[in-house]
Amino acid sequence: MILEAYLLLAAALFSVGLFGALSQQSVVMVMMGLELMVNAVIVAAASLWFFVSPERADGQVLVLVAVTAMAVEMAMGFAVTTAIFRARDVDMVDMAADLGDGGDR
Amino acid sequence: MTETVVFAVCAVCAVASGAAVFVVDSMARATFALLASFLLTAAAILLLGLSYLGVLVVLMMIMEMMVMAVFMIMYMMNPAGLMPMTMVHNKAGSLVVSVGVFLLLAAGAVFVPWPERTGEPPADPTLALGEAVMGEHMLVMMLVGLVLFATMVAATVLTTHRGRYERYGDDLRRESPDDPIGGGLDR
Amino acid sequence: MSGAAPLWTVLLVPVLLFAFGYGAAAGTAALRARAAGTAPAAGLTAPARESARLLVQRRRTIPGADTLLWRLGGALVPVAAVLAALVVPLGSMAVGDLSVGVVWFNAMEVVLWAALWMLGWGADSAWGLVGGYRFLVQGLSYELPHMFALTAAALGAGSLRVSDVVAAQEQVWFAVLMPAAFAVYLVSALAMAFWGPFGTPVGRDLAGGAAAELSGVDLLVLRAGRYVFLAVVAAMAVPLFLGGGAGPLLPGWAWTLVKTAGVVALLVWLGHRLPAVRMDRFTEVGWVVLVPVTLLQVLVVAVFVLTR
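Residue numbers (our numbering), protein chains in the order written: chain W, 1 to 105; chain E, 1 to 187; chain X, 1 to 308.
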């Protein structure tokens with residue numbers, strides 16, 4: 001096993017997640033894409049810990065932070081979805097573009 | 001050798017099931033494809049000797065995906081995928097961007113001269129992690145705690161549409177709150 | 001204390017679990033028979049007769065069912081039970097004495113959330129899905145107190161390794177040292193095996209809930225898996241809170257079996273005696289009562305560990 005293999009796995013997961021986050025219209029699916037991207041960060045941090053500086057715990061701490069980021073992303077994402085669904089019956093990202101520049105609306 | 005084979009299988013399957021999330025019609029299957037992807041990457045992490053973090057990822061991802069399944073049924077028009085439909089925008093552009101990002105990241109992973117490994121993994125990485133977050137990285141732990149607490153409060157505030165006036169009446173004089181679901185303590 | 005058991009013991013795990021599961025099922029049948037006024041002794045063979053009936057019953061197929069997830073959910077119940085049991089020591093030997101055994105046990109038992117939800121979802125039945133949802137609510141209510149109970153035991157031992165937890169109980173059992181954690185563990189054990197008062201995910205008011213559309217061998221797998229799961233959570237209570245294989249006269253493995261049988265019997269009896277708990281009620285109890293209780297318990301244990 002080598003570091004490059006793990007980083008390639010992380011890159012592939014990140015790209016798949018990015019494709020989902022960019023292309024999906026449903027908020028839930030966008031969040032699945034974001035989760036995949038954070039998962040890639042977890043893989044990369046764990047592999048960099050093991051292959052570069054295993055005697056320091058920094059990589060492990062980064063994994064812990066990424067896991068937390070995932071949980072926060074889930075909670076806030078669904079909270080915002082619920083709020084906007086209650087207010088306007090919207091469950092697709094295209095209809096929630098209030099904070100965009102409004103060029104194509 | 002065995003480890004390499006296990007890693008290769010896990011990595012390929014993880015990416016494949018990650019891609020399956022955006023291919024399958026049934027949203028339930030998409031959720032469990034995502035879960036499978038997480039579990040397979042957790043196996044890859046376990047191969048690195050990170051037993052605590054690997055099992056933690058397994059534990060957390062199962063719980064998280066089950067919560068996601070609830071919201072998936074709530075907000076998707078067609079959760080079972082019985083009538084195949086696609087809900088995407090700018091698919092070609094997204095594909096180009098993500099393939100480009102992959103090539104960029106892969107080139108970085110392969111061509112960057114990564115530093116030589118310094119030191120050996122500790123006998124118990126879990127202990128090292130615990131000492132780090134309770135020692136030199138304590139600020140990280142404190143911030144994580146604060147952020148999680150803020151998230152709990154903010155998420156509750158955002159999702160609930162009932163405030164104290166709904167619960168205790170307009171002049172807040174009601175003896176017991178008027179809740180749609182009573183709870184078990186008769187408060 | 002720790003020991004990597006030889007490989008053949010992997011085969012022993014499902015056998016023992018099955019035996020305890022059968023005992024739990026037989027005990028339940030005997031208690032029900034006594035409550036109904038018939039001879040309790042007939043309950044001893046009731047699980048075997050019921051299994052035989054289910055084995056020859058035809059499997060139900062449903063149009064529109066998500067067969068993949070449905071079958072997977074059923075199979076995951078016993079599989080998760082056996083995987084969780086790998087870290088439970090028999091005497092001083094466990095199949096896999098992982099350095100994070102307690103977390104492993106917790107992770108495998110959460111697999112049940114996915115399994116029950118898949119069962120409820122896959123059958124293309126409203127009752128099933130409501131049952132699956134009920135189990136998720138139940139899970140979100142019992143899981144945090146359960147985790148803190150496990151944390152208390154691990155904290156008392158200063159290790160996540162199950163054999164270390166056993167070793168730390170040489171002087172005094174954790175059930176005595178941290179009674180609140182033990183009590184919460186027993187409550188969450190009932191809840192995670194959706195047993196007795198927490199059986200509403202497969203309750204009769206939902207026409208069987210997550211199991212509404214199951215029949216034949218599928219129903220057998222779920223029911224057997226549930227009893228096996230009850231046996232696993234009971235078996236884990238022994239190393240965590242009841243001193244593992246410690247005891248006079250008998251060898252360690254025998255004490256483990258005796259204590260496990262005792263906990264299984266207690267859980268079966270409690271499940272028979274207690275009325276069903278509605279999830280909207282238990283959720284508030286879990287979060288407002290059990291979480292603070294277990295947090296205080298963890299605090300007490302932490303102080304105890306520091307001053308010891």
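In case anyone wonders, no lab produced these hints; they're calculated from the structure.
For every residue, glycine included, the Cβ atom is placed at its ideal position computed from N, Cα and C.
Misleading hints may appear alongside valid ones.
Sample of chain E residues facing chain X (criterion: CB under 8 angstroms; computed from the structure) [to be verified]:
hint, residue
1, Val5
2, Phe7
3, Ala16
4, Ala28
5, Phe32
6, Ala36
7, Met63
8, Met72
9, Met74
Just so you have them, the derived chain E footprint on chain X, three or more residues with Cβ under 8 angstroms [to be verified]:
hint, segment
10, 216 to 227
11, 297 to 304
- prompt: For the segment 216 to 227 of chain X, does the count of residues with a C-beta closer than 8 angstroms to a C-beta of chain E reach 3?
  reply: violated (count 0)
query: Holds or violated: Ala36 of chain E as interface residue toward chain X, Cβ cutoff 8 angstroms?
result: violated, 11 angstroms
- prompt: Is the hint on Ala16 of chain E kept, meaning its closest Cβ partner in chain X is under 8 angstroms away?
  reply: violated, 16 angstroms
query: Given Met72 of chain E as an interface hint, is the shortest Cβ-Cβ distance to chain X below 8 angstroms?
result: violated, 10 angstroms
field: Hinted contact Ala28 of chain E with chain X - closest CB pair below 8 angstroms
entry: With a minimum Cβ separation of about 5 angstroms from chain X (threshold 8 angstroms), the hint on Ala28 of chain E holds.
- request: Take the segment 297 to 304 of chain X, compare each residue's beta carbon with every beta carbon of chain E, and decide whether three or more fall closer than 8 angstroms.
  value: Three-residue rule not met by the segment 297 to 304 of chain X, so violated; n is 0.
- request: Go through the hint on Met63 of chain E and say holds or violated, using the shortest Cβ distance to chain X against 8 angstroms.
  value: For Met63 of chain E, the interface hint holds, since the closest Cβ of chain X sits about 6 angstroms away, which is under 8 angstroms.
Residue hint Met74 of chain E, partner chain X, criterion CB-CB below 8 angstroms: This hint is violated: Met74 of chain E lies away from chain X, its Cβ roughly 11 angstroms from the closest one there, beyond 8 angstroms.
task: Classify the hint on Phe7 of chain E as holds or violated, based on whether any CB of chain X lies nearer than 8 angstroms to its CB.
output: violated, 20 angstroms
Agreement of hint Phe32 of chain E with chain X interface, Cβ distance less than 8 angstroms: holds, 7 angstroms
query: Is the shortest C-beta separation between Val5 of chain E and chain X less than 8 angstroms?
result: violated, 20 angstroms
Against the hints set out earlier in the document, violations occur for numbers 1, 2, 3, 6, 8, 9, 10 and 11.
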